[in-house]
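Just so you know, the protein sequences line up as chains F and C, in that order. Heads up, the first sequence is in our numbering, so the first residue is 51 and it goes up one at a time. Heads up, the second sequence is in our numbering, so the first residue is 51 and it goes up one at a time.
Don't read these hints as lab results, they were simulated from the structure. It cannot be assumed that every hint is accurate.
One copy or any two copies: either way a pair holds, since identical chains are not told apart in the list.
Mimicking EDC-like on lysine to aspartate or glutamate, the simulated pairs with C-alpha atoms at most 20 angstroms apart in a straight line are [as the list claims (entries may be wrong)]: (1) 250 with 56; (2) 457 with 84; (3) 375 with 186; (4) 137 with 158; (5) 324 with 368; (6) 75 with 437; (7) 140 with 500; (8) 78 with 405; (9) 71 with 437; (10) 71 with 267; (11) 372 with 326; (12) 375 with 293; (13) 324 with 82; (14) 140 with 114; (15) 75 with 405; (16) 324 with 277; (17) 52 with 116.
Residues per chain are reported as follows:
Protein chains: 2
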Amino acid sequence: MKNFFEPRSVAVIGASNNEHKDGYKILKNIVDCEFKGDIYPVNKSADEIIGLKAYPKIQDVPGDVDLAVIIIPAKFCAGAVEDCAEKGVKAIIIEAMGFNEVGAGGTELQNQIVKVAKEHNIRVMGPNCTGIVSRDMITTFFPIKDVKPNGNVTMIGQSGLLAAGMASDIIKNDTLKINKICSIGNKCDINENDLLNYFKDDDQTDVVSMYLESIAEGKELVKVGKEITAKKPVILLYGGRTEAGAAASKSHTGSIASNSRIVDAAIRQAKFIKAEDFAELKDYAKLMSTMPVPKGNKVAVVTAAGSVGVVVSDLCEESGLKLPKFGPQTVEALKDVFPEFMPPANPIDLWFSIEKYGLAKTLEVTMSAPLNDPDIDAVILILAGFDYTLEVIEKKVVQGIAAKHNKPIIVCMLVGYNEIKNMILEGLGKDIPVFTSLAGGVKALSKYCDYGMKVHKGK
Amino acid sequence: MKNFFEPRSVAVIGASNNEHKDGYKILKNIVDCEFKGDIYPVNKSADEIIGLKAYPKIQDVPGDVDLAVIIIPAKFCAGAVEDCAEKGVKAIIIEAMGFNEVGAGGTELQNQIVKVAKEHNIRVMGPNCTGIVSRDMITTFFPIKDVKPNGNVTMIGQSGLLAAGMASDIIKNDTLKINKICSIGNKCDINENDLLNYFKDDDQTDVVSMYLESIAEGKELVKVGKEITAKKPVILLYGGRTEAGAAASKSHTGSIASNSRIVDAAIRQAKFIKAEDFAELKDYAKLMSTMPVPKGNKVAVVTAAGSVGVVVSDLCEESGLKLPKFGPQTVEALKDVFPEFMPPANPIDLWFSIEKYGLAKTLEVTMSAPLNDPDIDAVILILAGFDYTLEVIEKKVVQGIAAKHNKPIIVCMLVGYNEIKNMILEGLGKDIPVFTSLAGGVKALSKYCDYGMKVHKGK
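In isolation and in its complexed conformation, chain F is listed as follows (with noise of 0.2 angstroms):
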C-alpha cells in the first residue's frame, strides 16, 4: 500500500497535451502537487507533455516506477496493465470508466484487469475512480486548486465526487482538515477493508470518513473495523439502503446494494458511527477531528437565547443526551455571575450576565464551572453573531477556555454564520467546531459520546 501513499515515482498512462482530456487534468494535478519524486508521462505520439519527456509505452521508462495512473479507454486498460506488469509496477490506480458500471460488457473487461493483475501480484485502485488527494500526491482528474492537505482527517469514497469538488471545497472553505481522499470506484481489488487496516496504524489519520455503496466482504469489514474503531473513529455514509437508492447505486458504480440490514449489523458490530448524509460524513468529522473523545453522555448547556436553550433540550433528550441537574459546587461557581432572581440551571442563561460582564469574563465562569464538573461530560456552547460575539471570536476566548480542559466543546452559531467563514474556531492549541444548526451540532455530539462510551466500554 505503500507505493499508493508514498510513491517514489509515478507514471500517467494516457497523459495527454490536449487541456479538455483527463489525461491532461492529472498529470497537471501531479505537477501542481509538487510531487518530489519523477513523473512520466506515457502517451504514443507526442514527446513532451507540460514540459516533462513523454515515454510512448511505460517499459521505455528509464527509472522504476513505483505507481502508474492509467485513463486511456476500458477497452485497452487489461493490455495496460500487462506493459505494467512487464515494467515491475507493483500499484495502479485506474480511472477510466466503462467497467462494471455499465452492464455486462464492461463486467469483462474489468474481469480481464482482475486475473492479470492477480497473475503478477499487482494492488489495483478503481477502475471508474478518481484516485488520491493527500500531501504528496493528487492524482484526481477534477481541478484542484489550492489544495494542500494537512489535517487529521482522511476520507475514503466509492464516488469521485469526495476526491473531486467536496475535497478541494472542504480544504478550501476551510470546514475540515483533511489528510488524505481515497476514491476507491468499482473495488476490483483494492476496497474499504484494505485501507482502513492501512489507515488504522497510519499516524497521520485521527478520523477516518467513509462512502460505500457496496460491501466487499462483511466479515472482514467487521473483524478490521473492530481493531480500527479501538484506536480512532471511522464514520459510514452507506448509500444505497433503500430501494431507491439501490437503484441509483447499480448505474452508478456498478454496485449491488448489499441488504441494508446487514449493512447496519455491521456497522454495529464495528462500532462504525453511521451518517445519512454527506453534510454528516463532514460534520461527524469535524467534531471528532477537533475534539477528545467524550467519556459520557452529559451535557451542559451554554446560552444567551432562553428560547435557544429550551430547543437544544429536547434536541438532545430526543438524541439520547443527559441535561443532568448541576451540582452544589456548579452551582456555587455560577452564582456570581447569576442575578439573584435566577437560580443557575441547565441549560445556563447567558443574558443577564452578558449585559452585566460582557461576553468574554461571562464565558470564563460559564463555561468553565461545567468544564471542572465530574458529572458533565461535554459542552454545548451557542453562539449569536452580534458585534461582541465577533471581539471575543477574535480573541480566542473560547478557544483558551478549550485548552485548558479536556472534555469537548462544541459551538452552534444561530445565527451570523456568513460572517464566521471557518468552521473551525483555530488557535491557542485547540480548534473549535462550529456548527451552524442547533440539531447538526446536537445529533454529532450524540454520536461522539455514544462511540466514546462504546470504546470505554471496550476497555
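The hints should help you fit chain C onto chain F, whose structure is shown.
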C-alpha cells in the same frame, strides 16, 4: 390588531437618553425604521430624547396614541397600563421582564396588568417580549441594523430571539424574505390564535413560521389553524416537547409546557408543518415562500455526481418522497444529452452531458423534461460550486427554467456554498431556494409535498 401593525402614532413609556438602556434602544429603532407617524417618548425627567420632545406622562401627549410600548420595571407596569387607559390607548406592547417567568411574585404583577387591560378593553402583547419588526415599525430593543422587511414570510415567536438576532441575520444574509416578526413573550392577552387569525387575511403574508413554548387554547388553535392552512402554510416549532425542554421552558417564558401528544394532535388536525429546530423553521419557510404548492410527492432528481444521486434517493425514500421511473416521453426528451451506453434514469446523471454540451444546455434539457412530465410533481437539482456552476447561476439559467413551470424546484448546493451568499437565487420572476445539505433540502420538500397533498385532498 391594526393598532399593532399599522399604528399612526406610538408612545414609548420608559424611553431613555442612556444608550445602554432598552428604553433608548427601542426608541432608536422606531426612529431609525423611518416610522411615518408621530413618536412620543415618555419619561418623568427628560425634556428631549433622540431629538424628540419627551413627556412626563402619557396623558400629557398632545395627539392620539395608537400604540404604547412599555419598558419600565415590572412593578410599575400595571400603573402605566392605567395611564394608557386614561389616555384612550387601545394597544400596548409590554417588553419589561420580571413576570410569570420569574415565579409567583411575577405572576401577581402579570395578573394586575391583565385585570386593568380587560377593564378598559385594551389589547396587550407580552410582557417579556420584544414586540414587532415590520415594514413600518420596529419595537424590539435589540440592535437592528439595515433591516427593511419586504418579503412574504411572517414569524411569530414566544421568544425574543426571532425578533432579534435571527431577524437581523436572516435579512442581512438574505436567507429568507421577512414580512413581519412578532415576539409574543408571556402571552398575557394576545396569543398565537389572535395573530394567526389576523395573518390569515394579511395579503402580505404567504407563509407563517411560528415558535411556541405553550399553547394558549388548543381547540381554538385547531380551528384557526385549519382556516389559515387552507390558504397558506404554517410551520410550527414547538419548544418544550421533552422533559428537559419543558424544564428549560419554565424558566424562559414561565410556560407550563403542554403535553407533547396534545401538541402533536393539534399540529396534525390544523395541518401545521412541524419543525424540530430553528434551522428547519427557516428552511421550510424559504421553500414555501418561493415555490408553488406541490400537487403530489413524486420527484425527479437531477445531479452531476452519481454518489449524490444515490444518497438523495435514499433520503427521498426515507422521508416519503417517490422517485418514479420516467415514462417513454420523458426518456425520449432526455436521450439527446445521454450517451448511448447509459439509458436516462431517475436520478438524472448530468456528468456526460455537461462534458459534451456544457451545464446551461444540459439543465435546459434535463430539467424541462421532468417538469413537463405530468407524473412528476417537483424537481431536486444538485449543483456543485465549480466555476461553471457559478457562471450558470450568474446567468440565471435555473430561474429561467423555473419561471416556465408551476412546480417546485429546489437546489441543493452540496459544495461551495460559501461562495453563494444569497441562499435564495433571485431573478426572472422566480426565486429559487438553495439548501446546503441534501438532507435539509429533501426534508423541506417532503414536508411541503405532504402539506400540498393534504390541502389538495381537503379541496
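Tell me the hint numbers this structure goes against, listed in increasing order.
The structure conflicts with hints 2, 3, 4, 7, 10, 13, although it agrees with all the remaining ones.
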